[in-house]
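Asker: The chain contents come next:
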Amino acid sequence: MFEKVRHLNKSTKDRERTWKIIVNMILTIGAAVVSLPFLWMLSTSLKTDSQIMSEKLIWIPNPIDWVNYWEAATYIPYFQYLKNTVFVSIISVIGVLTAASLVAFGFAKLRAPGRNFLFIVLLCSMMLPGQVTMIPVFILFRNLGWYNSLKALTIPAFMGGGAFNIFLLRQFFMGIPNEVIEAAKIDGCSYFDIYWRIVLPLGKPALTTVAIFTFVATWNDFMSPLIYLKDQSKYTIALGLQFFQSMHSTEHALLMAAALITVLPIIIIFFFAQEHFIKGVSLEGGIKG
Amino acid sequence: MNKGQRRETIVFYLFISPWIIGFTVLTFGPMIVSFWYSLTEYNMLQPPLYVGLENYRRLFTDDPLFWKSLYNTFYYVIFSVPLSLATGVVLAILLNQKIKTMPLFRTIFYLPSIVPMVASAFLWIWIFNPRFGLLNKTLGLLGMPDNILWLSSEVWSKPALIIMSLWGVGGSMIIFLAGLQGIPEQLYEAARIDGATSGKQFRYITLPLLTPTIFFNLIMGLIGAFQTFAQVYVITNGEGGPLNSTLFYMLYLYRQAFEFFNMGYASAMAWILFVIIMTFTLIQLKFSGRWVFYQGDIKG
Numbered sequence: 008m009f010e011k012v013r014h015l016n017k018s019t020k021d022r023e024r025t026w027k028i029i030v031n032m033i034l035t036i037g038a039a040v041v042s043l044p045f046l047w048m049l050s051t052s053l054k055t056d057s058q059i060m061s062e063k064l065i066w067i068p069n070p071i072d073w074v075n076y077w078e079a080a081t082y083i084p085y086f087q088y089l090k091n092t093v094f095v096s097i098i099s100v101i102g103v104l105t106a107a108s109l110v111a112f113g114f115a116k117l118r119a120p121g122r123n124f125l126f127i128v129l130l131c132s133m134m135l136p137g138q139v140t141m142i143p144v145f146i147l148f149r150n151l152g153w154y155n156s157l158k159a160l161t162i163p164a165f166m167g168g169g170a171f172n173i174f175l176l177r178q179f180f181m182g183i184p185n186e187v188i189e190a191a192k193i194d195g196c197s198y199f200d201i202y203w204r205i206v207l208p209l210g211k212p213a214l215t216t217v218a219i220f221t222f223v224a225t226w227n228d229f230m231s232p233l234i235y236l237k238d239q240s241k242y243t244i245a246l247g248l249q250f251f252q253s254m255h256s257t258e259h260a261l262l263m264a265a266a267l268i269t270v271l272p273i274i275i276i277f278f279f280a281q282e283h284f285i286k287g288v289s290l291e292g293g294i295k296g
Numbered sequence: 022m023n024k025g026q027r028r029e030t031i032v033f034y035l036f037i038s039p040w041i042i043g044f045t046v047l048t049f050g051p052m053i054v055s056f057w058y059s060l061t062e063y064n065m066l067q068p069p070l071y072v073g074l075e076n077y078r079r080l081f082t083d084d085p086l087f088w089k090s091l092y093n094t095f096y097y098v099i100f101s102v103p104l105s106l107a108t109g110v111v112l113a114i115l116l117n118q119k120i121k122t123m124p125l126f127r128t129i130f131y132l133p134s135i136v137p138m139v140a141s142a143f144l145w146i147w148i149f150n151p152r153f154g155l156l157n158k159t160l161g162l163l164g165m166p167d168n169i170l171w172l173s174s175e176v177w178s179k180p181a182l183i184i185m186s187l188w189g190v191g192g193s194m195i196i197f198l199a200g201l202q203g204i205p206e207q208l209y210e211a212a213r214i215d216g217a218t219s220g221k222q223f224r225y226i227t228l229p230l231l232t233p234t235i236f237f238n239l240i241m242g243l244i245g246a247f248q249t250f251a252q253v254y255v256i257t258n259g260e261g262g263p264l265n266s267t268l269f270y271m272l273y274l275y276r277q278a279f280e281f282f283n284m285g286y287a288s289a290m291a292w293i294l295f296v297i298i299m300t301f302t303l304i305q306l307k308f309s310g311r312w313v314f315y316q317g318d319i320k321g
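Line by line, the protein sequences are chains A and B. Every position in the first sequence, counted from 1, becomes a number in this note's numbering once 7 is added. Every position in the second sequence, counted from 1, becomes a number in this note's numbering once 21 is added.
Same shape as in the complex, but just chain A:
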């Protein structure tokens, strides 16, 4: 009987091993398909024109043409775009972190009549798609003189910081024990002290997630810069790239080089903050319950 059990175990183990090999194989093929576009982008960005217009499929350029990167960065005011984008992204992160954490603290830890009702309003506002408010907001900002100004891309971040971010931080702040806050009150801390000295330091993980998400979303945003910015000197990278494409749509090596240097900062951030990304996305999925 013992023999039989061992035999059974062995066969399940074998089956498991085969299954794992199959899974790994499928995933490897899948990963290859997903990465090929990236490699193709890199390969194209290093090719000379004659290699690009080759009938054959060339993966490793020979000779390697680094000049495309230099040209991509100088044909367009790339560094000006970069400066604008970094500016807009950082200010947006500051705005979102400040506003959303204040509001989230209020909803999480303070009791007041109307709180639950307002929180439901906040949750509902997450459902409203942006295009319904887009036109009146555009006209409002234009009347305020924010058209063709980076103000239109940064100041809104300070006005609440986005319903989703508030929700995410509020959920996290709820986890801070009330005893800690009561104890601080007894020690004579004001509400702002509690927010500043207790809740913010304890909320660091959630704040980091919100900061990264805001940064990437602003960096990648296309529609707002497209609507609000007119002068090339104010363009963000996303918009600048599109402008570049409309001018040089046939210079593929240049376009690939430009796209790569735009993607690179995001990929670097991703590698440094991978865990925060994954956690943030999982939290996003968690609101369904």
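Distance condition first, Cα-Cα at most 25 Å in a straight line; then the derived SDA-like pairs of lysine to any residue:
#1 B/K24 with A/A191
#2 A/K211 with A/N185
#3 B/K121 with A/R22
#4 A/K237 with A/S253
#5 A/K211 with A/M181
#6 B/K158 with A/D72
Keep in mind the hints are simulated off the structure, nothing from the lab. Remember, it's a predicted structure, so these values are computed and weren't measured experimentally.
With chain A fixed as given, assemble chain B onto it according to the hints.
Answerer: Same frame as chain A, but now just chain B:
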């Protein structure tokens, strides 16, 4: 209300004041104004002129491009959303098999979804290049037809965009993966003791407990797909070509608003899209009771 409670109330409203301002100025106010605009003719030079339901009448009975853009958008939604869901689920299940290489694969699959849309549009324009692009060349190597015009073809432009959307499936995959990892391990242990095969475990444990995540991704996917904009704008240079075959709803709305300055007409379009998205979401919510299973339900 005693003094302390009154103080706390005031402090609460002070803390949430940034959101109250934002909600009033950026959400609620504009919503009302947008509805008002949708009943007017407004080009931003003259004040809005009330025209009743004229914009809606024109859209529904007098604007072939409106219907074309609706058709294009539905075509895209109907194919890209289920395909992305299926691919995302399968990838997540494969990744959840306790293999050592999981973090590496997770990263590779996830990366495309954080690439700026403009940059990935560049990349795909080049991949879809009929003569020198990666796709046709690969098809040629595999002995398949290698002369598809993709983005320059009225027939193939939408399938091309759907293929492109599948590249970014990593975002929903990560959410599925989180959902899978939230399924208690004891359930599988109990099933194994009862002699359930892996197929049965998948059918009776994994799938039912993953339905809330599938539901969430379905809704988010629908909302996102209906609002597709940046990639078509970049790929077609804002025109939705060839022959309006990629004139998606949001692109047409954008053109009406910011190229032709028909703010009233565009506002009406925004409200129609809002109603469409709401209808889809409500239908999904209504039917969700039949197939979405919440772990909390066991207790009740």
